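Visitor: The residues making up each chain are set out below.
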Amino acid sequence: MRKYFDEIERIVGNVVTVRATGVGYGELALIHTAQGTSYAQVIRLDGPRVSLQIFAGSQGVSNRDRIEFLHRPMQIPFSDALLGRVLDGSGRPRDGRVDLSGKPIAIGTPPVNPVRRRLPDKMIHTGIPMIDVFNSLVESQKLPIFSVPGEPYNELLARIGLQADADIIILGGMGLRHDDYLKFRRTFEEGGVLGRTIMFIHTAADPVVECLMVPDLCLAVGEQFALQGKRVLVLLTDMTAFSDALKEISIIMEQIPSNRGYPGDLYTQLARRYEKAVDLEGAGSLTVLAVVTMPGDDVTHPVPDNTGYITEGQFYLRNGRIEPFGSLSRLKQRVNGKTRDDHRAIMDGCIQLYALCRESREKRDMGFEMSEWDRKLLKYGELFEQRIMDLAVNIPLFEALDRCWKILAECFEPAETGIRRSLIDKYWPKPRLTTEVREPALAAGS
Amino acid sequence: MASTVAEQVTPAGDNVVRGKVIGVFGNLVTAETSGRVVQNSVGYCVRSDGVRMMSEVIRVRGNEVDLQVFEETGGLRVGDEVEFRPEMLSAVLAPGLLGRIYDGLQNPLPELADLVGYFLRPGVYLHAVSLTQPWAFTPRVKAGDVVEAGETLGTVPEGIFSHHIMVPFAWEGPFTVKKIAPAGEYTVNQEIAVLVGADGVERSVTMQQRWPVKRPLNVSRRRLLPSEPLVTRVRIIDTLFPILRGGTYCIPGPFGAGKTVLQQITSRYAEIDIVIIAACGERAGEVVETLREFPELIDPRTGRSLMERTIIICNTSAMPVAAREASVYTAATLGEYYRQMGLDVLLLVDSTSRWAQAMREISGRLEEIPGEEAFPAYLESRIAAFYERAGVIELKDGRKGSLTIGGTVSPAGGNFEEPVTQATLKVVGAFHGLSRARAEARRFPSIDPLDSWSQYHGIIDPKVIARIRRLLVQGHEVRQMMTVVGEEGISVQDFTVMLKADFVDNCYLQQNAFDPVDAATPAERQKFVFAKVVEVVDTDFNFADKSEARRKMVEITDLFRNWNYAPWDSQEFQDYLKQIDHFIATKGRG
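Taken in sequence, the protein lines are chains B and C.
For the first sequence, the tail end lands on 446 under our numbering, and the numbers increase by one without skipping.
For the second sequence, the tail end lands on 1036 under our numbering, and the numbers increase by one without skipping.
Pulled out of the complex, with its shape left as it was, chain B reads as follows (with noise of 0.2 Å):
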């Protein structure tokens, strides 16, 4: 028998109250309009008053509309079925194939037991000297690409989804503009991974609502693969939409905003979706990779803050390059000890140098005149521009790793790059190795 409620008391932005009984917190509820049905979902139990977020938004929602509530979460069936197919953020399909089927899953579960977890230690290969070298990307990492509106990110994200070798891949869209939608889907295609790709995807001009069960979906969906031993990577694009549907949800409701007009529990939102990146003992493994734009390149701008307070680290992509500062893995140290003995000394090295290069340009561009030092700092800024941090520089590891030492060779003697002597005696390209034995006061014993 089914039970409708049709007391509509208000209705206000994607928000409608109504008056019910014997309804649990969270569930899952159909909205039945002149428009349509919709899905919605108990976000506050009042004495009689029950108040629900609609998926579809209010709009055309009467006061005597029936509401019928489902008695349990939101759930999407599961199965290898899913793969290939593009839904939206109510879970339903968006490329005009049939119905899912499969086993319901409920979305947002209980987070994972921290015992449960392994120690990631796998680290994932993208081909991306800025990554592989300086802040290694490694499995079950949850990791942000911070930028502003109008760099490449969405192309940084499916170009490392295609590079980085995972059994599944899961596209989470928020707030996609259509034609981004339609370029994921074409590089998918081209690099012939579509059919081990599942993609959710609010776009612009869907309802709000439904972009905030997007990450949740992907996330499950993902979590479910993990749990069967798969290595699952889910790109996430863009959350500080995903944030700003929240807000707007939380004004709606009259919650106090604490910063920027957003949510005081933003932080605890974002950290139950990031944290869902597991490598599970005894099972596969959940990576994810997020966008966050930066509104006016503002790192302290609520969404970008928050977010690298959970993620392990952050990509800063500013002027079609990974920066090298403020960008981070923090995982890297899990991973680049057991690549090469080397690496870890030129990723500091490098960066170090890099760091200097920047205050000699600075004085520069102020008109000083520059030292023997600050000569070389400048031709090695170059030099590392050109052959290292630029975007379309596609090499393995060892082979960045080579051309590091290289330009420090080309630019430097050796006691000048800080790197400690065991190390430069084994990889200091050979024939600058006479003038390094008239290095003054370093031979022993003088």
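By construction, these hints were calculated from the structure, which means they are not laboratory data.
Check the hints yourself; a few may be wrong.
Claimed, not checked - Stretch by stretch, here's where chain B covers chain C in the computed footprint (C-beta under 8 Å, at least three residues):
#, region
1, 646-660
2, 760-767
3, 776-782
Stated by the list, open to error - Computed list of lysine-lysine pairs in BS3-like fashion (alpha-carbon distance at most 30 Å, straight line):
#, chain 1, residue 1, chain 2, residue 2
4, B, Lys376, B, Lys247
5, B, Lys426, C, Lys998
6, B, Lys122, B, Lys379
7, C, Lys624, C, Lys466
8, C, Lys973, C, Lys588
9, C, Lys846, B, Lys406
10, C, Lys978, B, Lys379
11, B, Lys379, C, Lys660
12, B, Lys406, C, Lys992
13, C, Lys973, C, Lys1024
14, C, Lys909, C, Lys660
15, B, Lys122, B, Lys376
16, B, Lys103, B, Lys230
17, C, Lys992, C, Lys978
18, C, Lys1033, C, Lys998
19, C, Lys588, C, Lys842
20, C, Lys998, C, Lys1024
21, B, Lys376, B, Lys430
22, C, Lys992, B, Lys363
23, C, Lys998, B, Lys430
24, C, Lys992, C, Lys872
25, B, Lys3, B, Lys122
26, B, Lys363, C, Lys872
27, C, Lys872, C, Lys846
28, C, Lys1024, B, Lys3
29, C, Lys973, C, Lys998
30, B, Lys376, C, Lys998
31, B, Lys426, B, Lys379
32, C, Lys588, B, Lys376
33, C, Lys998, C, Lys978
34, B, Lys379, B, Lys363
35, B, Lys247, B, Lys338
36, B, Lys376, C, Lys992
37, B, Lys426, C, Lys624
38, B, Lys230, B, Lys247
39, B, Lys376, B, Lys406
40, B, Lys183, B, Lys247
Values in this document were obtained by computation on a predicted structure and should not be read as measured data.
Even glycine gets a Cβ: it sits at the ideal position worked out from N, Cα and C.
Fit chain C to the given chain B structure using the hints.
Guide: Chain C only, in chain B's frame:
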């Protein structure tokens, strides 16, 4: 109060007041009851499928009671039952706490995983310590002795420590020992003593007791002023910005500045008896690192696994937010408990901002009038009261114990002007401010030597410290000046000052956390190397020009860096020392 202290968690009994859910909003549940309800007591919201979700009473208005639920409230309905219990949210204190991994409510996570698998499940609560493990008890008192709360009745060995079984802290004495168990093996639930109070009532004592986590635990003769340095083996801390046993310090820093790595290093190398790590609202991955690696790491001072001196309270960011708020108190209570045994305990909280945010979330749902950045008005007093739980105490038998609290702060936007950082700075004894600029230049630990401070005296003469700090400030000023007038506008002397400041920074203040030797510098080595650093600083090199100055300082920097990587008292160490001495003696012209 007193009678409940040694009780077990029992299913709902007669002393339980019942109510009904009338509202749910996030983790805030409003219930209606006509019975007696105690502020901050424990309640259970019972979902229609029988799941009992632990909660805490946080507001009472007439018959309406607001509870923060320590679980996700999904599925809870209006009309569901709520049980109110008389006791406060309490921690179990007993042998067997060391080496364990708990959530914010003291649920043992590994045991939980064995029971319910990969995912946490709402409403499943396990006892904090094993009820079946026997402990070898040795009595310290005999029948007829008079004892008071906190006094030792006997001991059991727990790892390398002698775990004191004490008269329950909440009992008001004195008591006469009527019966004490003979030496032998007992579980935490077995009676080990019977005490008789002035009222003639007999009270049974077991090896476990409970203590309400939000009430400071301090049963002592008096509080003492902290005076002993706590050596962390991080040079910039021990030398420039020391902390003391029983003191407090904070580490604010923007994300990516290395707060957590610094906390991990400290938890590993700090010269202290017990370390309690409260991972509060931070990444689960980092906790996993600690809990996988610590059992493998040997504490050089004891020869035993580091895990044996560690307790991890882990309420990571994805775990329920109300339990996050409780987790720092649970951690502090366990720290105070071991302090009562005369041990030195270090509590590391990462991060106090997440705890403050948990307060903010709940305060927002309660629709309290917000303070700055929507934090509740009581933010400052809560932070102050928390750090006040640190301290050195003199126990009734004259032994001393200490609890040191170090908290990280994650200021929004890396801006130290925000409420949590400012409230914390008012109450701590040392401030280790991390700088994004230093982190980006890969200068680790990224503690800013110009901004940070400590009110404590450490292992180095403060006069020397003051001199070196002055040099660092001067070096910074010269650098600033140089950006205006250029290198050519600076005298060789000023230029040398700047280079010497850089030298101190590069060779001493920075430390490579991933090098087996450089990662941790014991006090003895710090004193030795620092004296050498000061020698270099005090040498008048009389450089002919800037390029000579730069070349020579690069040279000595290189020597010191390699020296830092050489094991203490190795031949390599001596060789570099010889080269350094030669360099100083010849003013770099040897």
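Visitor: To test your reading of the hints: which numbers does this structure violate?
Guide: 1, 3, 4, 6, 7, 8, 9, 10, 11, 14, 15, 24, 25, 26, 28, 32, 35, 37 and 38
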